[in-house]
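**Student:** Protein chains in written order, with the working numbering: chain G, 1 to 100; chain B, 1 to 100; chain W, 1 to 100; chain D, 1 to 100.
Worth double-checking, as some hints may not be accurate.
Because identical chains cannot be distinguished in the list, a pair is counted as satisfied if it fits within a single copy or across any two copies.
Unchecked claim - Cut-off 20 Å, straight-line C-alpha distance, at most; resulting in silico cross-link-like pairs (SDA-like, lysine to any residue): (1) Lys17 <-> Arg71; (2) Lys17 <-> Ala57; (3) Lys60 <-> Thr72; (4) Lys82 <-> Glu28; (5) Lys17 <-> Asp41; (6) Lys60 <-> Ala91; (7) Lys17 <-> Gln35; (8) Lys17 <-> Asp40; (9) Lys17 <-> Arg32; (10) Lys17 <-> Asp46; (11) Lys84 <-> Cys73; (12) Lys17 <-> Leu63.
Note that these hints are calculated values from the structure, not bench results.
One-letter residues, chain by chain:
4 protein chains.
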Amino acid sequence: MNAESIAAPVRGYTASKDQLLARLRRIEGQVRGIQGMVADDRYCIDVLTQVAAIQAALDKVALGLLDGHARTCVVEARSEEKEKRTAEMMAAVGRLLRRG
Amino acid sequence: MNAESIAAPVRGYTASKDQLLARLRRIEGQVRGIQGMVADDRYCIDVLTQVAAIQAALDKVALGLLDGHARTCVVEARSEEKEKRTAEMMAAVGRLLRRG
Amino acid sequence: MNAESIAAPVRGYTASKDQLLARLRRIEGQVRGIQGMVADDRYCIDVLTQVAAIQAALDKVALGLLDGHARTCVVEARSEEKEKRTAEMMAAVGRLLRRG
Amino acid sequence: MNAESIAAPVRGYTASKDQLLARLRRIEGQVRGIQGMVADDRYCIDVLTQVAAIQAALDKVALGLLDGHARTCVVEARSEEKEKRTAEMMAAVGRLLRRG
Numbered sequence: 001m002n003a004e005s006i007a008a009p010v011r012g013y014t015a016s017k018d019q020l021l022a023r024l025r026r027i028e029g030q031v032r033g034i035q036g037m038v039a040d041d042r043y044c045i046d047v048l049t050q051v052a053a054i055q056a057a058l059d060k061v062a063l064g065l066l067d068g069h070a071r072t073c074v075v076e077a078r079s080e081e082k083e084k085r086t087a088e089m090m091a092a093v094g095r096l097l098r099r100g
Numbered sequence: 001m002n003a004e005s006i007a008a009p010v011r012g013y014t015a016s017k018d019q020l021l022a023r024l025r026r027i028e029g030q031v032r033g034i035q036g037m038v039a040d041d042r043y044c045i046d047v048l049t050q051v052a053a054i055q056a057a058l059d060k061v062a063l064g065l066l067d068g069h070a071r072t073c074v075v076e077a078r079s080e081e082k083e084k085r086t087a088e089m090m091a092a093v094g095r096l097l098r099r100g
Numbered sequence: 001m002n003a004e005s006i007a008a009p010v011r012g013y014t015a016s017k018d019q020l021l022a023r024l025r026r027i028e029g030q031v032r033g034i035q036g037m038v039a040d041d042r043y044c045i046d047v048l049t050q051v052a053a054i055q056a057a058l059d060k061v062a063l064g065l066l067d068g069h070a071r072t073c074v075v076e077a078r079s080e081e082k083e084k085r086t087a088e089m090m091a092a093v094g095r096l097l098r099r100g
Numbered sequence: 001m002n003a004e005s006i007a008a009p010v011r012g013y014t015a016s017k018d019q020l021l022a023r024l025r026r027i028e029g030q031v032r033g034i035q036g037m038v039a040d041d042r043y044c045i046d047v048l049t050q051v052a053a054i055q056a057a058l059d060k061v062a063l064g065l066l067d068g069h070a071r072t073c074v075v076e077a078r079s080e081e082k083e084k085r086t087a088e089m090m091a092a093v094g095r096l097l098r099r100g
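So that you can see chain G by itself, here it is in the shape it has in the complex (with noise of 0.2 Å):
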């Protein structure tokens, strides 16, 4: 045991495997709920606030797979990887930018 893992610090947007699969359990949980919302015809506006929320989940998940990423995929590849690394993660930037 090495002193990083004693306290590693709390970083914004690093989630762990667990955390990202019990967010995405969460978010699935949330869609199955709005199938409710809408096959009881439950008012528009209430739905729509609840795919907002939605969004706003996946987009955490998003930041939290980006920010591993860049920490593993992007800093510690060798020299010749980092430029293609670097050039994927703008795109996958780009794409959740523009939603897909």
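Take the given structure of chain G and dock chains B, W and D to it, following the hints.
**Tutor:** Coordinates of chains B, W and D only, in the frame set by chain G:
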């Protein structure tokens, strides 16, 4: 019965309740798919591409709901209600733009 | 002078033409400000913060325009026009969500 | 050694300072163009289309800046700085996704 009720035009974002539910079930499946990718340690960029695809699918759901809201709750509302309905719709669009 | 001009409700996103123009002039100034930051080699993260601020300001302009469209072009359109106006409005929201 | 390794390849989002400045001047012109449209009472949907075009152009500027940040400030930072730079970059992406 008039011509329009016989052959309702297929319009941009308009979605029937069944179509909305079908889209939401597909989105639920996509969210589960991402859980599998994370569990299997798939390459983060590939997972991010799937997240962006879900965001795009949710945007389509949101536009279908907004369209329904505009066509029924706003346009067909009684005069004194139109103001309130329009304000609600704009607030919903604002939440979608800010994503939550 | 009628009752409405005495007590016009302050509404969420509604903006007068003068307010829209004032906001757009401020945004123009912000864009020029960013040019100065880039020319002076200011730290990229600080420039990005300004870009995000302009995006937020443009979203507010867009919501003001949409609100005006909904209140006048859609709600007050003749029956046979409402359909077309609503479809145009949804297409515009779609472009804003996908950003262009 | 081939021509390409001599002349750095044009990469996805990478933009030189001159390119960034040229894009920002074009965006400034677009913002002024919208002021003219609003002043002339042009159809709101046409103005909204222009707003979405500016958002897309700003996204490209943001991706160019992020790319530069990743390639220099993050990848080339000293080991103890990389963590901080990556966290700043993620916070910036988060602000762009939430738009401000």
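**Student:** None of the hints should be skipped; say for each whether it holds.
**Tutor:** Verification of the hints:
no. : hint            : in the structure
1   : Lys17 <-> Arg71 : within (14 Å within a copy, 26 Å between copies)
2   : Lys17 <-> Ala57 : within (16 Å within a copy, 24 Å between copies)
3   : Lys60 <-> Thr72 : within (18 Å within a copy, 25 Å between copies)
4   : Lys82 <-> Glu28 : neither (34 Å within a copy, 34 Å between copies)
5   : Lys17 <-> Asp41 : between (36 Å within a copy, 9 Å between copies)
6   : Lys60 <-> Ala91 : both (18 Å within a copy, 11 Å between copies)
7   : Lys17 <-> Gln35 : between (27 Å within a copy, 10 Å between copies)
8   : Lys17 <-> Asp40 : between (35 Å within a copy, 10 Å between copies)
9   : Lys17 <-> Arg32 : between (23 Å within a copy, 15 Å between copies)
10  : Lys17 <-> Asp46 : between (31 Å within a copy, 15 Å between copies)
11  : Lys84 <-> Cys73 : both (10 Å within a copy, 17 Å between copies)
12  : Lys17 <-> Leu63 : within (13 Å within a copy, 27 Å between copies)
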